[in-house]
Amino acid sequence: MVRGNYDRQKPYLRNPHINKPIAEIYADLDAFSWEIFEDQPHRFDTVSFYVLLPPLSYEGKFIKGIYFSEGVELINKLFPQLSSVFHSFTYSPGTSYSWAPIADAYSSLYKNPQRAKWFRETYPDRANKPIIPLQDTDFINEYLISPRNVPAKDIELLAVARISEEKNLPTIAKALKVYRQKYPQKPIKLTVVSGHEFDVNNLKTLDEYALKEWHQVEEILGNPSDYINLLPRVDYYQEIPNYYSRAQAFVLGSLLEGKNRGITEAMSCNVPVICFEEFNQYARGNSPVFPEGAGLYAKFDPESLADTIYTVLQNQTEFKPRYQYLKHCGRKNFFNTCIDSFPYYQHNIPDYKPGAAFKNLWLDLAVQQNYQVSLDSFLYGGSPLSHIRGTNAIQQNLGELTKFLG
Numbered sequence: 005m006v007r008g009n010y011d012r013q014k015p016y017l018r019n020p021h022i023n024k025p026i027a028e029i030y031a032d033l034d035a036f037s038w039e040i041f042e043d044q045p046h047r048f049d050t051v052s053f054y055v056l057l058p059p060l061s062y063e064g065k066f067i068k069g070i071y072f073s074e075g076v077e078l079i080n081k082l083f084p085q086l087s088s089v090f091h092s093f094t095y096s097p098g099t100s101y102s103w104a105p106i107a108d109a110y111s112s113l114y115k116n117p118q119r120a121k122w123f124r125e126t127y128p129d130r131a132n133k134p135i136i137p138l139q140d141t142d143f144i145n146e147y148l149i150s151p152r153n154v155p156a157k158d159i160e161l162l163a164v165a166r167i168s169e170e171k172n173l174p175t176i177a178k179a180l181k182v183y184r185q186k187y188p189q190k191p192i193k194l195t196v197v198s199g200h201e202f203d204v205n206n207l208k209t210l211d212e213y214a215l216k217e218w219h220q221v222e223e224i225l226g227n228p229s230d231y232i233n234l235l236p237r238v239d240y241y242q243e244i245p246n247y248y249s250r251a252q253a254f255v256l257g258s259l260l261e262g263k264n265r266g267i268t269e270a271m272s273c274n275v276p277v278i279c280f281e282e283f284n285q286y287a288r289g290n291s292p293v294f295p296e297g298a299g300l301y302a303k304f305d306p307e308s309l310a311d312t313i314y315t316v317l318q319n320q321t322e323f324k325p326r327y328q329y330l331k332h333c334g335r336k337n338f339f340n341t342c343i344d345s346f347p348y349y350q351h352n353i354p355d356y357k358p359g360a361a362f363k364n365l366w367l368d369l370a371v372q373q374n375y376q377v378s379l380d381s382f383l384y385g386g387s388p389l390s391h392i393r394g395t396n397a398i399q400q401n402l403g404e405l406t407k408f409l410g
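Taking the working numbering, the leading residue of the sequence shown gets 5, the next gets one more, and so forth.
Check before you lean on any hint, since a few could be wrong.
To be verified - Simulated pairs of lysine-lysine, DSS-like, Cα-Cα distance not exceeding 25 Å:
| no. | residue 1 | residue 2 |
| --- | --- | --- |
| 1 | 303 | 14 |
| 2 | 14 | 115 |
| 3 | 68 | 357 |
| 4 | 303 | 68 |
| 5 | 303 | 324 |
| 6 | 336 | 363 |
| 7 | 14 | 157 |
| 8 | 208 | 190 |
| 9 | 65 | 336 |
| 10 | 190 | 216 |
| 11 | 133 | 121 |
| 12 | 115 | 190 |
| 13 | 133 | 324 |
| 14 | 157 | 133 |
| 15 | 115 | 331 |
| 16 | 216 | 181 |
| 17 | 407 | 81 |
| 18 | 178 | 303 |
| 19 | 65 | 357 |
| 20 | 14 | 24 |
| 21 | 24 | 115 |
As the list claims (entries may be wrong) - Just the calculated beta-carbon pair ranges, DEER-fashion:
| no. | residue 1 | residue 2 | range |
| --- | --- | --- | --- |
| 22 | 233 | 307 | 21 to 29 Å |
| 23 | 368 | 292 | 26 to 34 Å |
| 24 | 243 | 332 | 22 to 30 Å |
| 25 | 22 | 409 | 47 to 55 Å |
| 26 | 152 | 406 | 35 to 43 Å |
Honestly, the hints are just simulated from the structure, not real lab data.
All C-beta atoms in this analysis are idealised placements derived from N, C-alpha and C, irrespective of residue type, glycine included.
I would like the entire structure built from these sequences, with the hints used as guidance.
Put into structure tokens, the structure is as follows:
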């Protein structure tokens with residue numbers, strides 16, 4: 005599924021102290037990509053085509069749209085006409101910059117000037133293209149993935165993660181053991197919504213990689229079921245928000261991966277977040293994992309994690325995750341950040357104001373005229389064009405996507 009050398013990232017998964025020059029670390033982060041390329045036809049039906057802004061023709065003015073995808077190079081080769089009506093914003097689902105030289109803008113995950121400088125110097129042909137500190141995980145629908153009315157917050161600690169080496173479940177298991185020793189009067193249990201399809205009564209039905217990780221958990225805890233409630237995949241929109249809404253805190257054990265979707269979902273569901281302060285440290289630079297007031301960091305140490313979990317659980321009312329998430333993140337802020345990143349829009353959208361593109365009346369009127377929905381509705385999935393999945397679906401919608409070509 006991947007292209008490149010994943011082994012170069014493996015040392016980072018469980019070691020927060022990599023003794024290398026930062027340029028070599030950046031090269032390691034970019035050593036492989038999860039993007040979808042033309043030599044991977046088995047993945048064509050999963051490629052995403054998120055239309056952030058559709059092409060617009062209004063009051064005698066034409067405005068190009070923006071789409072973002074993990075398959076920009078593939079899409080450009082299959083549908084080259086789209087480049088006449090769209091700017092392309094490319095991302096890799098992991099920590100790397102995109103490998104697509106044809107893209108108009110690149111995801112950097114976080115605002116990290118030092119890494120952006122390295123990227124521009126390493127790839128001078130892309131040096132003048134926008135670098136945007138966003139990924140697809142920043143584009144969840146915060147009104148669907150949102151707090152639900154549940155009878156009780158009966159899940160002390162929640163993880164939503166596959167059982168794989170980068171998630172560091174054995175480290176969390178060690179923290180759970182320390183927690184029970186240090187705070188016996190406040191017993192807790194971790195619920196893991198794993199994303200795997202397996203029989204909960206027969207854990208041997210897990211895949212071999214998950215089993216390898218789970219065996220480490222068994223060695224640490226003896227009887228993991230005393231500490232962990234392991235669940236299979238659940239329906240995303242129907243069930244995931246319920247699990248978050250029942251949770252008192254969310255925990256992530258990773259040191260390195262892409263921008264974690266669980267952190268975003270937890271904040272959107274008003275659940276305080278706990279992760280390691282070393283999480284994505286080289287990709288982030290000085291940028292935070294989450295806004296202040298949305299959670300706490302632990303050091304990459306089981307006791308530190310146990311203490312941080314205890315602190316969060318004892319002070320839940322001190323956190324305002326959803327408020328902070330909507331203030332700093334969410335689709336509206338995503339839209340504004342992307343539009344602001346392209347000088348083209350500043351020069352072509354009437355009455356343009358930085359940081360306020362989503363409120364631009366001309367854009368709203370133009371989207372309504374051209375697509376019969378408001379800009380707000382389009383951004384939140386109100387049009388069949390809002391999110392197209394798979395190359396066949398892109399082909400089926402090509403006429404509408406390119407209707408202003410003449």
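Point to revise | Hints that the structure is at odds with (numbers, increasing) | key: Per hint list: 4, 7, 8, 10, 12, 13, 14 violated.
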